[in-house]
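Asks: Knowing the structure of chain A, use the given hints to seat chain B with the ligands on it.
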Amino acid sequence: MRAQIAQRTLRTDRWWLPPLTTFVGLLLISIYAAVRTFMGDHYWVDEYRYLTPMYSPCLTEECLPNAAHFGRILPELPGFLTPPVIIIPFLLGFRVTCYYYRKAYYRAAWLSPPACAVAEPHAKYTGETRFPLIAQNLHRYFFYAASFLLLINIYDTAFAFSTGIGLGNVVLLVNVGLLGAYTLSCHSCRHIAGGRLKHFSKHPVRYWAWTRISKLNAKHMQLAWASLIFVCLTDLYVALVASGTISDLRFVN
Amino acid sequence: MGYQGHFRVWRGSDQGGGLEDFTVEVNEGEVVLDVIHRLQATQTPDLAVRWNCKAGKCGSCSAEINGKPRLLCMTRMSVFAEDETVTVTPMRTFPVIRDLVTDVSYNYRKAREIPSFRPPAGVGPGEYRMQQVDVERSQEFRKCIECFLCNNTCHVIRDHEENKESFAGPRFLMRVAELEMHPLDEADRVGEVQSSHGLGLCNITKCCTDVCPEHIKITDNALIPMKERVADQRYDPLVWLGNKLFRRS
Ligand code: SF4
Ligand code: SF4
Ligand code: FES
Ligand code: FES
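Line by line, the protein sequences are chains A and B. For the first sequence, position 144 matches number 149 in my numbering, and the numbering has no gaps at all. For the second sequence, position 214 matches number 250 in my numbering, and the numbering has no gaps at all.
Here chain A stands alone, though its shape is the one from the complex (with noise of 0.2 Å):
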């Protein structure tokens, strides 16, 4: 027999604080998303190549034409579908099944545990040993589309500079680094890179790989956060020029 303690927890600092702030920045970031998801519009900018990271690769028949860099090679969405549809899957499933962003929901919004030494709600609890968690065992599968998709944004980066420099350049090229940062710092990357392997001894350049990519990986929830907050303001930035209300800032040109 435990030893009898009514109370759920017995703690008495405020345990709740994180995993409500967690729950309230993942919500206000969903609602922006879908917002301009929908929006289906003000993601390129056409003076200055600017397409914002949402919006890439646009590859459907409505995106317009200087916007896709790669050829409208999809039919036109049904509906109130807007370009983004296609990807989003994949950019949606890679952070969903991080294991960061899993820690964060399965304690924000499941309350499994809502925090440690907390007792949770639930009667019943099986972990990710069934459908539909056991699907988490994919995510290095996002992982490979995500990286796919990064490099994408690195190109669409890239030719935005082929008009000169503005604020929105600089705007995007942190945007890749923190997205490249949280990307290569990802677990399944880490043990892809060298973590699978018994004896590092026997592959030098893999170590190598694996201690560079451990370093970053001690700091994957703030690299989850930096990047997931920056896309939304890059999206922002590259909105506000597209729609007119504010005018990029030139350095050059």
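The hints are all genuine.
Which bits of chain B does chain A cover? Going by a derived footprint, with three or more residues having C-beta under 8 Å, they are: (1) 45-56; (2) 121-129; (3) 257-266.
Calculated directly from the structure, the hints in this document are not laboratory data. C-beta: ideal position from N, C-alpha, C; glycine also.
Replies: Same frame as chain A, but now just chain B with the ligands:
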């Protein structure tokens, strides 16, 4: 300078019990265990508490202080305000024996369920040769002092007694990782960690890492790497498809 501190200590046995209030002297530089000892010496000679080293190295004095799983001997009184009530309870996940002492035999049972180190055939003790870079990863896990605070905090068993049967707890999932990463261990541990030791029950919410007094990165360095190995072996759709198509087993 010394002051009179307010303490609430859980007292009782497996028959029941509750929190009792005490006012007890606290001196500069003391830890919670010192105050518990003073209680024993001055007011409650029969208060049961398990301890040994008073140096955070034996792992005996695990308990919960203001609801947080911690070592009694490593929790300084200076982290509390002088007028703050300090609540001390036994670990919740294990059966209580008396007062602050719990029966941690669940952990010993789980330790025995893990097949021991298996060196290559023909290599005897004293003949093990390995490179430092290859053993380094598993050495982090050897810092463990077996305080079982991680297992106590893990919600998989803390909130669900019925999972104790199928779940080894972070401490012993980490033990499997230690052997799996050991350069000379030849046993296949990846299948078992999922099917017999319950790795799939862990939802990587990191409370084990948060409470470990040795600051071992249990989740990042042991549990997630094991989940990735399981994904290699079991949930790789390409491997799965290959097995289906070519009837490999
Ligand atoms: S990370 Fe896993 S093992 Fe550690 S406390 Fe959380 S659920 Fe338990
Ligand atoms: S891993 Fe850390 S918390 Fe768990 S038993 Fe070992 S020292 Fe204690
Ligand atoms: S673990 Fe977070 S992106 Fe892979
Ligand atoms: S008495 Fe040894 S760890 Fe606290």
